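> If you want the building blocks of each chain, they are given just below.
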Amino acid sequence: MKQPFRRTSFLLAFSAAMGILLATGVVAFAGPTNSTDSRAAVPTRASDVFPGFDRARTAGDALSTDAEAVLTSFSPSAPRPALDPGQIERTESRRVDGPSGQVAYLVPTVKEQVCFVLTASNDSGCSDGSRLATDGVELLLSDADGLGVGEPTVLTGFTVPGVVSIQVSTADGRLSDAAIARGVFYATVTSAPTGLDVKFADGTDRGIVIPSPPKT
Amino acid sequence: MSEPDAGRPAGLRLPLRLALTAACLLLVIVPPGVALAATQFNYAQGTNGVGGTYQTTGEDNRSYNQVWHQAGKSWWVWYLHGSSQTCLKFNSSNPTKCPDPSATIAYSKCSNYDDNSGVTWTCQTTRP
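Residue numbers (my numbering), protein chains in the order written: chain W, 1 to 216; chain R, 217 to 344.
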């Protein structure tokens with residue numbers, strides 16, 4: 001004997017379940033509709049990926065007067081709240097002695113970023129750790145007088161613990177090794193840098209393109 | 217013949233000297249400070265615009281040049297003197313900053329390499 005009511009109910013329930021599954025899949029695939037960003041995952045705390053924070057703090061980690069002046073200036077001078085890295089937690093600062101006289105002062109912020117000063121290259125800023133998490137390095141490039149002329153170009157920054165070597169390629173076809181010590185790297189080149197080859201302890205490597213700057 | 221301070225209570229000598237010293241120090245220190253003070257201003261602001269390059273409307277002596285942007289997105293900043301670039305910086309830290317003065321008059325410039333974060337960025341520099 002046919003039972004049309006039960007069959008109809010089953011089809012309706014089945015269709016509803018399939019609809020819910022498809023809707024869930026579509027939403028998960030599409031992501032937020034207002035997103036224009038395809039960034040890799042940002043670490044919950046930048047201090048989880050920056051060097052120095054994997055050991056206990058000592059008296060030698062206190063900020064220098066100059067470093068503290070720079071690091072405390074960031075949060076108050078941000079032009080809008082979305083760009084504010086947050087007040088620094090100075091009692092959590094770390095000093096890392098890198099290669100070639102490069103000393104790094106790092107300090108976490110209340111917004112889970114890390115602000116830093118690199119003394120030899122006169123670089124500073126704040127980071128959410130996303131580049132370190134994605135690329136294994138956070139690169140800072142400086143040149144006093146333009147790439148490929150006069151003073152050498154300085155390539156410095158931070159690495160995650162698994163990085164064993166960084167090779168810099170330049171426009172003249174040369175390759176040179178960056179010095180690495182305690183999670184800080186440093187290299188100088190006289191030709192325009194074009195990329196980094198970052199090698200990890202597990203045998204993998206990652207190529208990072210260094211773009212040419214705008215001409216004028 | 218009388219002393220130079222004749223008639224002035226002895227207890228006022230030291231405070232008067234200290235006040236005079238402080239006034240002299242202020243007169244020496246304040247004018248250079250005022251002369252060195254520079255005014256910060258925004259020369260470009262926007263959202264996204266990967267590949268865009270921006271500059272001040274004219275040349276001037278600059279104290280620094282920086283762009284505030286989403287951390288993790290890369291920017292260039294530099295000074296342009298004629299066709300020469302100085303204080304060139306490229307990084308993804310926030311702000312990306314040339315902390316040095318321009319030495320001579322220059323345009324301040326910033327360029328967005330990959331900032332498609334949707335967060336409003338702001339290029340800032342100074343004028344005397």
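The set of hints was computed from the structure by calculation and includes no laboratory data.
Source: prediction; values computed, not measured.
For glycine and all other residues, C-beta sits at the position ideal for the given N, C-alpha and C.
Honestly, I wouldn't trust all of these hints.
[Said to hold, decoys possible] Taking beta-carbon pairs under 8 Å as the criterion, some of the chain R residues facing chain W (in silico):
{"#": "1", "residue": "T269"}
{"#": "2", "residue": "S300"}
{"#": "3", "residue": "T312"}
{"#": "4", "residue": "A319"}
{"#": "5", "residue": "S327"}
[Unchecked claim] Listed next, the in silico SDA-like pairs over lysine to any residue satisfying Cα-Cα at most 20 Å (straight line):
{"#": "6", "chain 1": "W", "residue 1": "K215", "chain 2": "R", "residue 2": "R343"}
{"#": "7", "chain 1": "W", "residue 1": "K199", "chain 2": "W", "residue 2": "I210"}
{"#": "8", "chain 1": "W", "residue 1": "K215", "chain 2": "R", "residue 2": "Y270"}
> None of the hints should be skipped; say for each whether it holds.
Results of checking the hints against the structure:
A hinted interface residue such as R:T269 counts as satisfied when its beta carbon comes closer than 8 Å to some beta carbon of chain W; here the least separation is about 5 Å, so the hint holds. Hint status for R:S300 relative to chain W: holds, with the closest Cβ pair at about 6 Å, below 8 Å. Hint on R:T312 holds. Least Cβ distance to chain W is approximately 7 Å, under the 8 Å limit. Restraint check, R:A319 versus chain W: the minimum CB separation of about 10 Å is more than 8 Å; hint violated.
For the restraint placing R:S327 at the interface with chain W, the shortest Cβ-Cβ distance is roughly 5 Å, inside the 8 Å limit, so the hint holds. Simply put, W:K215 and R:R343 have alpha-carbon atoms about 24 Å apart, too far for the 20 Å limit, and the pair is violated. For the proposed pair W:K199 and W:I210, the alpha carbon gap of about 16 Å is at most 20 Å, so the pair holds. Pair hint W:K215 plus R:Y270 holds up; C-alpha atoms about 13 Å apart against a cutoff of 20 Å.
In the structure shown, a violation is registered for the earlier hints numbered 4, 6, in ascending order.
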